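*Asks:* One letter stands for each residue in the lines below.
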Amino acid sequence: MVDASNLVGQSVRRKEDVRLLTGHGQFVDDISLPGMLYAAVLRSPYPHARIRSVDVSGALRLDGVEAVITGDDAQQLGKPMAVTLDLFTKVPTIYPLAVNKVRYVGEPVAAVAATSREVAEDAVELIVVDYEPLPPIVSIEDAEQPTSLLYEEWGHNRQLDWQFQVGDVGSALAGADVVISEDFPHHRYTGVPLESRVCLADYRPGQGALTVWMSTQAPHQCRTLFAQSLGLPEHQITVIAPDVGGGFGTKLQINAELIPVLLSIKSGRPVKWTEDRYENLVSGVHTRDYVCHLEVGFRRDGTMTGVKASLVGNLGCDGTCDAAGTAALLVAAAYLPGPYHVPAFGVDVVGYVTNKAPYGAYRGYGKDIANYPMERLMEMAAEKLHIDPLELRRRNVIQPDEYPYQQISGPLYDSGDYPAMIAKAREVLDYENFRRQQDETRREGKYLGIGFAAMLEPSGAAVPNGIFNGYEPATVRMTPEGQFLVFTGNQDIGQGIETTLAQVAASQFGVSVDDVRVVFGDTNAVPYGLGSFSSRGATYAVSAVHRASVQLANKLKRIAANILEASAADLVFTQGAVEVAGVPSRRLTLQELGNKVYLWPGPYGTVPPGDDPDLQATETFMGPRVRWQPDEQGRINLYTTHPTGIYAAIVEVDPELGDVRLRRFVVIHDAGVIINPLIAEAQVVGGVVQGMGGALWEELRYDEEGQFLSGDLTSYLLPTAPEIPDVEVYHFVSPSPFTPLGTKGMGEGGTIPTPAAILNAVNDALRPLNVFLNDLPITPQKVRAALRQAGH
Amino acid sequence: MAEMEAADMVVIDTVVNGRPVHRTVSARRLLSDFLRYDLQLTGTHVGCEHGVCGACTVLLDGQPVRSCLTLAAQVSGHHITTIEGVAEMPALPAATTEERVRHLHPVQQAFWEEHGLQCGYCTPGFVLTTIALLEAHPDPSDEEIRETLSGNICRCTGYRNIIRAVHRAKELWQTAPSTEGR
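Heads up: the sequence lines are chains A and B, in that order. Under this note's numbering, the first residue of the first sequence carries the number 802, and numbering increases by one thereafter. Under this note's numbering, the first residue of the second sequence carries the number 56, and numbering increases by one thereafter.
Nothing false has been slipped in among the hints.
With a Cα cut of at most 25 Å, we get these calculated SDA-like pairs of lysine to any residue:
{"id": "1", "chain 1": "A", "residue 1": "1358", "chain 2": "A", "residue 2": "1405"}
{"id": "2", "chain 1": "B", "residue 1": "225", "chain 2": "A", "residue 2": "814"}
{"id": "3", "chain 1": "A", "residue 1": "1225", "chain 2": "A", "residue 2": "1543"}
{"id": "4", "chain 1": "A", "residue 1": "1247", "chain 2": "B", "residue 2": "198"}
{"id": "5", "chain 1": "A", "residue 1": "1247", "chain 2": "A", "residue 2": "1237"}
{"id": "6", "chain 1": "B", "residue 1": "225", "chain 2": "A", "residue 2": "820"}
{"id": "7", "chain 1": "B", "residue 1": "225", "chain 2": "A", "residue 2": "1527"}
{"id": "8", "chain 1": "B", "residue 1": "225", "chain 2": "A", "residue 2": "812"}
{"id": "9", "chain 1": "A", "residue 1": "1225", "chain 2": "A", "residue 2": "1525"}
{"id": "10", "chain 1": "B", "residue 1": "225", "chain 2": "B", "residue 2": "116"}
{"id": "11", "chain 1": "B", "residue 1": "225", "chain 2": "A", "residue 2": "1529"}
{"id": "12", "chain 1": "A", "residue 1": "1358", "chain 2": "A", "residue 2": "1385"}
{"id": "13", "chain 1": "B", "residue 1": "225", "chain 2": "A", "residue 2": "1525"}
{"id": "14", "chain 1": "A", "residue 1": "1356", "chain 2": "A", "residue 2": "1410"}
Please keep in mind that the hints were generated in silico from the structure rather than gathered at the bench. In this text the structure is predicted, and so the values were computed from the model without any measurement.
Isolated chain A (complex conformation):
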């Protein structure tokens, strides 16, 4: 048994597991309603085309088909898709089904609701669309020269165009001893949750009420987006997210879910849409896909003089309504200086729309974009300056006594100790010894390499103008029988909140996690909170639950003091009871307390004057240092906590096959106070392996004509058990001064630096062969091509 006196910091085994281990979880596709229809979607085969006509008559003639909708219906039954997030962006007017033209392969054109999924899919085949193909915009270069426009009314293809400068970066680079400059391209990849998007919509015309069960990370914002996209009153809409089979950022929009909703409105019956894997890959949100030109000036001693960057994103058809990804480029811009002292900084950001799938969120949300170019460049600089790459970072990182640290680009960093983490990395890697070993094995024709990346993980976004605006309420309630309910807007997507939030609450009441039930995922039950994204749980939800628990604990003490004729200040919670400290005979079990307040005798005999019998408390956490009002240099701060880390990859490259093997992966990680080490470490490991996938295998490919080439899991390769080494994790604890428990979020840290660390390691391995790789994923073909080019 775990000690219930303070559960924060204990590896409590998860409460949510038994239902998931026995097949008794409830995912959206597990739910059926009487009279339910099944949806199937007709998707565009063209990347860019005008729609001349859509003929659905064949589908309507099929027995079992109850409704067919097209872009015309989307316009008549709904409104343009609501904006998820608009920060300095151009926002298109678009609908969940294509109107007039299609803008990517896989864009929904029409949809069918029928009595079975088989019939619905048969019916989709009978819809005839007459397309007039238009020139496709696939690459950034295509988009720059707008021979063809995605949105004619814009007159260009730029969705985002933003510049920022602090200090004289031109002089800073001119005065440097060495300037390292490189273009860092990054390919398109994404989260691929094993449960794709699923949505069951039930519109009841008699009540004008809509209930939507959907696999989402953010039920409340979905409810608002449905209201705005449909013109329905929001209080008539309920969104329920039961068990969610992974999200990773990709379930933060309603573009696809509007289709079954429209079908339900049109048919008057419940409609379920279960996205298949092809649909998820071709139209589920995509991310990354950018080029960053980075220039960094250094003095001979390795200290930085300035950073200048130009970031150009390939956003696909949209990242503001269809999905919420465009602003990730701005997060990237704000965090390019990373964990380093940067005396002058300038950045240009441009995001182009192209004929690819929508640009959304995925684990990292721009923090990865900030990390990859800089951590790649640091290793290039180390080589050029003849300084060891860990030592070069040590000379530039923020020192532990400088926190809270005002970064030049706006963010305020809360805490950390990079020098100690670098020292730890040297130790656990047995670094000097590794370098000797590396030299020896090279002589045997074995190419080992080591690569590093410093990690900075802004956690808990508070971005203005949209659905990621950064606050979280929680309600904690005691039942008459003395157990507890935690109501949270945070969403369980596998990250363990049913256990960790229970630990936070249980610690205040001296009970076990089994005495606390975490209620989530129902907009009728829980306060309007923002869900799970941006590693915000341990920053926002935990802080709100902690404060609400403290407030309720104080109230319970006041009432118990009245009953026990003691002073509230003398009472403590222990072992499921509240008692006078040091006098165990004067105690009330929480069951006795709840019974007395609610039942025997009831409130008038138990509650002191000034209190009431409502045994619950609500608190809302806002980031205490978030600042949207720009300072004199135009800087804002959007994140509250900043986990830190040093990551190292050791790889072996086979020059004959071009194959990269991961030999070791070491993570030195600091996310402040950890609530549940077992769960926290698993978040890091899971994130690292997603980064490994992006570095080595995963890619959403398009050909030059805009055809999508990665529509199944034999062409989009996900990591499996044999390729993955045991990730080694070492924890540091630098408590955040900005959260009540010192916690920081930590869901994305693993994914952010891993691609840079791995490519750095590959380049380190191949350095004696004069090979420099700069493209992800690092496929055997690319390694062999580079080796051939270098004459090997």
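Assemble chain B onto chain A, guided by the hints.
*Replies:* Coordinates of chain B only, in the frame set by chain A:
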């Protein structure tokens, strides 16, 4: 096409989780859909519908198969075990998580102890694949475990705790009484 002729229907006689099942289904009914929608055994999850991810794994006469690549008609005359048939949960409510865990199959217990799952979507497939592995090889090496699990994709855990769970399951299984229903 949707018009169903009588010839498109097939009668299947099978045993699912120890119980006889006699149904008439469409010849194109997938085993995964049959289990999920006709028998309401929704613990079998579908992740890719093309046989790569392994989430839909069930045991066919004790051997792991992809239920998304198997037709319901093919299992007539055979025994199917789904995740719901792995452990018998008691009818009486159990108050604590630990009490409930005690009723699980050793493989499920090991996944709980080692935190071998996060969102839980892939978990039924991993549990059933592991059971089949340990039935055939009570003491597999780390490499054999990884190779066996290479047909199952997990997006959350990064596999480390799943591998640990299988090692732990070996130990638990050797000391556990035989479990019914597998």
